[in-house]
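**Student:** The whole structure should be built from the sequences, with the hints applied where relevant.
Here the protein sequences line up with chains A and B, keeping their order.
Quick note, the first sequence lines up with residues 1 to 490 if you use the UniProt record's numbering.
Quick note, the second sequence lines up with residues 1 to 490 if you use the UniProt record's numbering.
Incorrect hints may have been included.
Pairs count within a copy or across copies, as identical chains cannot be separated in the list.
Stated by the list, open to error - Result set (BS3-like, lysine-lysine): computed pairs, CA atoms no more than 27 Å apart in a straight line:
#1 Lys372 to Lys289
#2 Lys346 to Lys371
#3 Lys111 to Lys428
Hints in this document: simulated from the structure, not taken from any laboratory.
There are 2 protein chains.
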Amino acid sequence: MEQVLTGTKKDSIKQLLASTEYDREVTVRGWVRHRRGSKEVFFVHLNDGSTIQNIQIVVNASNLDSNVLNQITVGACLQVNGNLVASQGAGQSCEVQASDVVILGAADPEKYPIQPKKHSMEFLRENAHLRMRTNTFSAVFRLRHAAAYAIHQYFNERGFFYLHAPIITGSDAEGAGEMFQVTTLPLDNPPKNEEGKIDFKEDFFGQPTNLSVSGQLQGELAAMGLGLIYTFGPTFRAENSNTTRHLAEFWMIEPEMAFYEQEDNHNLAEDFLKYLIKYVLENCQDDLKFLDERFTKENNGKPTNERSEMGLLEKLEFVAANDFARVSYTEAINILLNSKPHKKKKFKFPVEWGIDMQSEHERYLVEKHFKKPVIVYDYPRNIKAFYMKQNEGEEEGRETVRAMDILVPGIGEIIGGSQREDDLEHLKTRMDEVGIPHHELEWYLDLRRFGSAPHSGFGLGFERFILFITGMANIRDVIPFPRTPGNARF
Amino acid sequence: MEQVLTGTKKDSIKQLLASTEYDREVTVRGWVRHRRGSKEVFFVHLNDGSTIQNIQIVVNASNLDSNVLNQITVGACLQVNGNLVASQGAGQSCEVQASDVVILGAADPEKYPIQPKKHSMEFLRENAHLRMRTNTFSAVFRLRHAAAYAIHQYFNERGFFYLHAPIITGSDAEGAGEMFQVTTLPLDNPPKNEEGKIDFKEDFFGQPTNLSVSGQLQGELAAMGLGLIYTFGPTFRAENSNTTRHLAEFWMIEPEMAFYEQEDNHNLAEDFLKYLIKYVLENCQDDLKFLDERFTKENNGKPTNERSEMGLLEKLEFVAANDFARVSYTEAINILLNSKPHKKKKFKFPVEWGIDMQSEHERYLVEKHFKKPVIVYDYPRNIKAFYMKQNEGEEEGRETVRAMDILVPGIGEIIGGSQREDDLEHLKTRMDEVGIPHHELEWYLDLRRFGSAPHSGFGLGFERFILFITGMANIRDVIPFPRTPGNARF
Chain A
1 MEQVLTGTKK
11 DSIKQLLAST
21 EYDREVTVRG
31 WVRHRRGSKE
41 VFFVHLNDGS
51 TIQNIQIVVN
61 ASNLDSNVLN
71 QITVGACLQV
81 NGNLVASQGA
91 GQSCEVQASD
101 VVILGAADPE
111 KYPIQPKKHS
121 MEFLRENAHL
131 RMRTNTFSAV
141 FRLRHAAAYA
151 IHQYFNERGF
161 FYLHAPIITG
171 SDAEGAGEMF
181 QVTTLPLDNP
191 PKNEEGKIDF
201 KEDFFGQPTN
211 LSVSGQLQGE
221 LAAMGLGLIY
231 TFGPTFRAEN
241 SNTTRHLAEF
251 WMIEPEMAFY
261 EQEDNHNLAE
271 DFLKYLIKYV
281 LENCQDDLKF
291 LDERFTKENN
301 GKPTNERSEM
311 GLLEKLEFVA
321 ANDFARVSYT
331 EAINILLNSK
341 PHKKKKFKFP
351 VEWGIDMQSE
361 HERYLVEKHF
371 KKPVIVYDYP
381 RNIKAFYMKQ
391 NEGEEEGRET
401 VRAMDILVPG
411 IGEIIGGSQR
421 EDDLEHLKTR
431 MDEVGIPHHE
441 LEWYLDLRRF
451 GSAPHSGFGL
461 GFERFILFIT
471 GMANIRDVIP
481 FPRTPGNARF
Chain B
1 MEQVLTGTKK
11 DSIKQLLAST
21 EYDREVTVRG
31 WVRHRRGSKE
41 VFFVHLNDGS
51 TIQNIQIVVN
61 ASNLDSNVLN
71 QITVGACLQV
81 NGNLVASQGA
91 GQSCEVQASD
101 VVILGAADPE
111 KYPIQPKKHS
121 MEFLRENAHL
131 RMRTNTFSAV
141 FRLRHAAAYA
151 IHQYFNERGF
161 FYLHAPIITG
171 SDAEGAGEMF
181 QVTTLPLDNP
191 PKNEEGKIDF
201 KEDFFGQPTN
211 LSVSGQLQGE
221 LAAMGLGLIY
231 TFGPTFRAEN
241 SNTTRHLAEF
251 WMIEPEMAFY
261 EQEDNHNLAE
271 DFLKYLIKYV
281 LENCQDDLKF
291 LDERFTKENN
301 GKPTNERSEM
311 GLLEKLEFVA
321 ANDFARVSYT
331 EAINILLNSK
341 PHKKKKFKFP
351 VEWGIDMQSE
361 HERYLVEKHF
371 KKPVIVYDYP
381 RNIKAFYMKQ
391 NEGEEEGRET
401 VRAMDILVPG
411 IGEIIGGSQR
421 EDDLEHLKTR
431 MDEVGIPHHE
441 LEWYLDLRRF
451 GSAPHSGFGL
461 GFERFILFIT
471 GMANIRDVIP
481 FPRTPGNARF
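**Tutor:** In C-alpha cells, the structure reads:
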C-alpha cells in the first residue's frame, strides 16, 4: 500500500472545483468513477464524496509506469499530483493535468461490484458498504447530513437546548407500539423466581427494560425546567411491517416547549419545516438537482394516476413559499364526507366522525383538496394518547384533544404533536380511563403538581422527512443501515 | 389552570435581561426561585431555564388578589405582566414592576422537594424530574447543549458529514466489551431448535442482535465513499461498573477520515478539542462562571493532595491556548521508569514495556510530568484492537500499532483512536491471530479489496468531555437520564 503524505493540505474535490486559482500544483485523492479516452491520453473522473461533481484528471500515458496505468480502473483509489488548469471541455470549470499518479488501492475490474451503470436499489442495499460510492446514495446521505445540521441550527438559534433522552427505558407507559426488550440475562436459561417467573432482579437494571419508542415524556420533564428543548435520537418499534414506510430503528426530532399552546405549536412546526427545506435548497443545490432529475425519470415511468404533479425541486420550493392549510379534524371529516370519492364509494375505509383517518383520506385532503401541506388539529380524544390536552365544553361523545398532525404530499403524516395535559386532575382521570397506574408515572404527575405550565411539542420522523426532500421511494434507502424484520446486517 | 396567551411574543428571560429597551410592557413566564421582602412590597426571582440569571419581579401587594399572593412560593410557575425598568439594585441590569401576576401552576411549599438550599447530588438524582430547575444542573445541561452544537458546527464547517451508525447490530466483532442483547422473543419461553438451542430465526431480525458499542466500523464504511464523516450517537456497555466514570448508556463522537494518516489524526483531535473548549468559553460565560465558583468551593473542601492546582476556567483557558504534549508509548514508559513514584515504588501497578497503562500512570504523565494534555501514540500491538494499522520494521515482541490516546488532567483518557489497517493481507492475518472469522466481516474486508485508502479516526466520550468542561465529579450528573447497574428510572 502506497502512502499519502501526512500533514499535506487536504483540499477536497469540492474545494478544488470551487477554486479559480489555476496553474498551481495540487494533490487530489478519490475513487475512479469513469475512465475514457485513448490508451495514450485519457480522462479519469475522480470523486471523493465531498460533492456529487467529479474532477477530471487528464492522464498522459507516457508520463506513467504501465503497472500504474493498468490499475486506473473504476473503483480504484488514486492520489494524483498535477497542475490545476481551467478546463477546455464543457461541464466542468477546471481539471487536473496529472504529473504523477499513485494507486492507493486497486479494484479488480472483474470483481468490483459497483459499475458505472444503473444498479437496482435492492442490489445496492445488499452491498451497503459500497452504496456510498454511488451518485444517488452519496447525494441522499449528504442531504441527510445537511438536514440534520439545519435542525440543530434552527433550534440553537431560537434558544432551544438539545436533550439526550434515554434509549434504554424501564417505562413502557406511552404504549406507542411493540417494543424491543433489552437484557443481559442468558436467554437459554434465565433465572426464575419462586413463582416460576423471570427474575428481573438478576437483570442488569434490576427490572424489565425496553428500547425507547419516544423521548417525549422525558422531553416534557426537561422543558419544565429548561424551557425550550428538543431531542434528536434513535427510536424503535418492533412492528413486523415490511413496507416502504417503516423501519424498526429510526431517528426522531421531538421539540418540547414550556408556555406554548396549541397554535404556538402549529406555528413552530410550520416554520421549522419551511426552514429546513429552505436550508437544503440553499445549501445542497447540486445534490438536489441530481435527485430532481432522478425523480422526474422515475415519475415518468409510473402509471399516470400514480404520477406526482410536481417535480422534486418544484415541490420543495412550493412548500417553502406557501402557507400550510389548517383545518380541524371535524372540518376535515366534513370535507371527506362531501368529497367525490366518498360519494362514489371509492374510499376503501368508511368515513365518519371518530375514525382514525386512513392513508387514502389523508392523501385526498393533501393531494386533491388542499394541494399543499395540511395541519389537522383537535382530534377525537379516544383515538389519541392520554397525555394530550383535552378541549373543554364539548358534547358527550364528541370530546377532542389538542392534537395535531401535519400531512404532506407523497408522504402523509410527517409530524405529530399536541399541547400536553397540564392539569393534574384531568391527567389522572385520563390515566385511570386508559388503565395506566399512577405509580408508573409519579414523576410525570409531579410535573403537574409543582409549578405546572401549559406546554406543547411535536415529533418529526427524520427518515420520512428525508424521503420528502430526496424524492426517494423506499425508507430503507435514506438511512445508512436500515433495520427491518430479518435484517440487521452491517 | 390559567392560560398563557397564544401567539403572544415569548421573550425569554435571557432576552429580556439583555434588552436595554426600558419602560415598556413585557410578559415574562418562569418558575419562582426566591421570594424576599415585606408583605407589602416583595421581590420574586423568576427563572425560565433560558439562562442561569433570574429576573427580578417587584410585586406591590396592593395590586394583587390575596389568593394569588399566597401562591407566589418557591417552585410555582408564574406569568407576569409589567413594566421593564432599569434596576435600582446591584447585580441585575433590569427588573419588572408587576402589574398583573397569573399563577400558571402552584407548588405547595410543604411538599415541593427542591428548596433554595444545597441538596445532595444523590437526592437530586432521585428527583431527576426536578433537577433541571436547579442552578447546577441547568448550567450543566445548557453546557451539554452548547458542546453538542459546537461539535456539529466544527464538523460541518470542515466538510464532514454526520452519519447515523446503527444502534441495533448483528455484529459483535469489535469485542469492545459486554453487550446488551436485543430481542422480541418471549424470555420465559423462547422457541428452541432441534438441537435445543434458542431459535433466533424466530427473533425479529432472524439472528442474535445487540446494542452497539461503537459506530467505528460502519463509520469506516461511510468514509470510504463520502470521505469525511462523523457519528454522534448512543453506545452501550453492559459492564457491571458502579463508578463515577462509567455509564451503561453514553454518547460518543466518532469522526473517520479517508486519506488521514496518524499525524493528521492527532492534529484533528487536538484542534477539535480546543475548538470545543473555545466555543463554550465564548458562548457559556454565565454558566461557566457559576460552575467555576462551585468547583473552587468543592476543591477547597478536598484533602490537599487531591486538590486540583487550577480552577475550572483557568484549566479550560490553559488547554485552549497551549499545544498538547505528544509522546510515543515507548517514550511514555521510559518517563514512568525514570519517575520518582516508580523508583520509590509508589505505583500500585508495575511499569514495563507492554503494559496497558493504569490510571495512576496516566495521571502521573498528565498532571505531574507534562502538566497538560498528552497525546500518547504507537502502542504495543497486543493491547490494542485488531483494526489498527501496524507499524513496520519493528523487532519481534515490540510490534506497535498507530493507536493514540489523548489524556487530560482530572479525567484521564478522553479520546482514543488510530490509523486503521488498510492492507487487506495484514488485516486478515491479524483477524486470524485474534480469532475473528473473516465471514463475519466480509464487508469490512471488501473496503480493503476495492479501492482501499489510508484512513484514520477517533472516538470522544461525550460525557467525559462534559465532566471536563463542567468540573462535575460524577458522570451520572452530566447526562439527563443516567443508566447504570440497577438504574433505568425515568
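**Student:** For every hint, state whether the structure bears it out.
**Tutor:** Here is what the structure says about each hint:
| no. | hint | result |
| --- | --- | --- |
| 1 | Lys372 to Lys289 | within (22 Å within a copy, 49 Å between copies) |
| 2 | Lys346 to Lys371 | within (19 Å within a copy, 77 Å between copies) |
| 3 | Lys111 to Lys428 | between (64 Å within a copy, 19 Å between copies) |
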